[in-house]
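Undergrad: Taking the hints into account, I'd like the entire structure generated from these sequences.
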Amino acid sequence: MKFSLIVHASPFSAQTSSTAYRYAKCLLEEGHQIFRIFYYGDGVLVANQQIAPPQDETNLLSSWQSLAKTHNLDLVVCIAAAVKRGVLDDNEAQRYDKENANLALGFELSGLGQLAEAIAVSDRVITFGN
Amino acid sequence: MLNGLSSGDAVLLIEDAVYSALEAHQSIFKALSPDDIQLSALEADIQARGLEDKLSPRFSSVNDQGFVKLSCEHDKIVSWY
Amino acid sequence: MIDKKSILIINQSAPYGSSKARESLDVALTCSIFEMPVSLLFIGDGLYQLINNQSPDALSMKKHEAMLSALPMYDIENIYITEEDLESIGLTENDLAIPVTLIQRDAIASLIQQNDSVLTF
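Heads up: the sequence lines are chains A, B and C, in that order. The first sequence begins at 160 in my numbering and counts up one residue at a time. The second sequence begins at 2 in my numbering and counts up one residue at a time. The third sequence begins at 28 in my numbering and counts up one residue at a time.
What the hints contain is simulated information worked out from the structure, not anything from laboratory work. Quick reminder that beta carbons are idealized off the backbone N, C-alpha and C, glycines included. Among these hints, one or two may not hold up.
Under the rule of at most 16 Å between Cα atoms (straight-line distance), these lysine to aspartate or glutamate pairs were calculated in the EDC-like manner [as the list claims (entries may be wrong)]:
| # | chain 1 | residue 1 | chain 2 | residue 2 |
| --- | --- | --- | --- | --- |
| 1 | B | K70 | A | D282 |
| 2 | B | K70 | A | E188 |
| 3 | A | K161 | C | D53 |
| 4 | C | K31 | A | D282 |
| 5 | A | K161 | B | D76 |
| 6 | B | K77 | A | E188 |
| 7 | A | K243 | C | D143 |
| 8 | A | K184 | B | D65 |
| 9 | C | K32 | A | D282 |
| 10 | B | K77 | C | D143 |
| 11 | C | K32 | B | D76 |
| 12 | A | K161 | B | D37 |
| 13 | B | K70 | A | E189 |
Here are the simulated distance ranges between beta carbons [unchecked claim]:
| # | chain 1 | residue 1 | chain 2 | residue 2 | range |
| --- | --- | --- | --- | --- | --- |
| 14 | C | N80 | B | S34 | 41 to 47 Å |
| 15 | C | M100 | B | E74 | 38 to 44 Å |
| 16 | B | G67 | A | Q214 | 31 to 37 Å |
| 17 | A | E258 | C | L86 | 27 to 33 Å |
| 18 | B | A18 | C | M88 | 42 to 48 Å |
| 19 | A | A211 | B | W81 | 19 to 25 Å |
Example chain C residues on the side facing chain B (calculated, C-beta under 10 Å, incomplete) [claimed, not checked]:
| # | residue |
| --- | --- |
| 20 | I60 |
| 21 | E62 |
| 22 | N79 |
| 23 | P126 |
| 24 | L129 |
| 25 | I135 |
| 26 | A136 |
| 27 | D143 |
TA: Encoded structure:
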């Protein structure tokens, strides 16, 4: 079955981002397809490559990255939500005259249209966080 | 949340919602007939919170694979936070 | 190409205190631009989004009410609240910024059933 996931929750202050990861991993293990994962609201914070969690905590960013790499996942970060939270790719860094881009490898910035498309083409859409 | 339920739906409690599966909170679910609505809670969240032997018998424990299976069995998923 | 999948957005968050209400409307408008039929249900604290005479000037925030009044321009006209919720906050339809369809609380289930996809904010 074709799934899309929407992740709203911050990776730092709620369990939800980690639940989403576990769910995505299990979906793939069970042989399902993930059309897209769309990060929205504080969910976009996980795509900041500068995240440096303490050693005894799970690094959700690298978990998502390795899952994406293995399964060629489409990880889309809402551009409006990301830019205002300081998560920028090269284009946006240039546009807003910021020194560095910090969007983590494996993620891309795009608009809400990508969410609409994911809803339209997926058999199931599941939201993590509100 | 419970107003959104139709016969044949399933409710899965995850994260902190699993505390609602304690016997003391069962009045929340009393309007739901066990024949119509399947109630379950996510195993990893139950175990993490020390609730394994404290759940109401109305609830079954569902692992991550079970979560995925429920998502497939029902044609839409509504997340209530 | 994009199918015309219908979407129900359930709003449970009050405006201003969090960004949920804004985020929800942005999704609603986008889905509508993509020609997906959008219905909105405001329940619980979400009902506060609809109160009229909002004046957030002192907060330096955008007026939520103004965004709501743009909904008809995006062909979003299915806007539901429950009679029970309205009564429980002691307000009437005259206190609301936009026209809504009043439903009974037990009609929420069929609203969910009628739509292909449901999002909550």
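Undergrad: Could you run down the list of hints and mark each one as holding or not?
TA: Now the hints, each set against the structure:
1. B:K70 x A:D282: The hint holds at about 14 Å.
2. B:K70 x A:E188: Holds, at about 12 Å.
3. A:K161 x C:D53: It is violated: about 25 Å lies between the C-alpha atoms, which goes past 16 Å.
4. C:K31 x A:D282: With Cα atoms ~13 Å apart, K31 (chain C) and D282 (chain A) stay inside 16 Å; holds.
5. A:K161 x B:D76: Satisfied, since the Cα-Cα distance of roughly 12 Å is no more than 16 Å.
6. B:K77 x A:E188: Violated, at about 21 Å.
7. A:K243 x C:D143: Violated. K243 (chain A) to D143 (chain C) sits at ~31 Å, over the 16 Å cutoff.
8. A:K184 x B:D65: holds (9 Å)
9. C:K32 x A:D282: It holds: about 11 Å lies between the C-alpha atoms, which stays within 16 Å.
10. B:K77 x C:D143: Satisfied, since the Cα-Cα distance of roughly 7 Å is no more than 16 Å.
11. C:K32 x B:D76: holds (13 Å)
12. A:K161 x B:D37: Status violated; Cα separation ~27 Å.
13. B:K70 x A:E189: Given that 16 Å is the threshold and the Cα spacing comes to 9 Å, the pair holds.
14. C:N80 x B:S34: 41 to 47 Å: Holds, at about 44 Å.
15. C:M100 x B:E74: 38 to 44 Å: holds (39 Å)
16. B:G67 x A:Q214: 31 to 37 Å: 32 Å Cβ-Cβ, so the 31 to 37 Å window holds.
17. A:E258 x C:L86: 27 to 33 Å: holds (31 Å)
18. B:A18 x C:M88: 42 to 48 Å: Given range 42 to 48 Å: violated, Cβ gap about 31 Å.
19. A:A211 x B:W81: 19 to 25 Å: violated (33 Å)
20. I60: violated (22 Å)
21. E62: violated (20 Å)
22. N79: With a minimum Cβ separation of about 26 Å from chain B (threshold 10 Å), the hint on N79 (chain C) is violated.
23. P126: violated (23 Å)
24. L129: violated (15 Å)
25. I135: Nearest chain B Cβ about 5 Å off; hint holds.
26. A136: Holds - the Cβ of A136 (chain C) comes within 10 Å of chain B, reaching about 5 Å at its closest.
27. D143: holds (7 Å)
The structure fails hints 3, 6, 7, 12, 18, 19, 20, 21, 22, 23, 24 (numbered hints given earlier, in ascending order).
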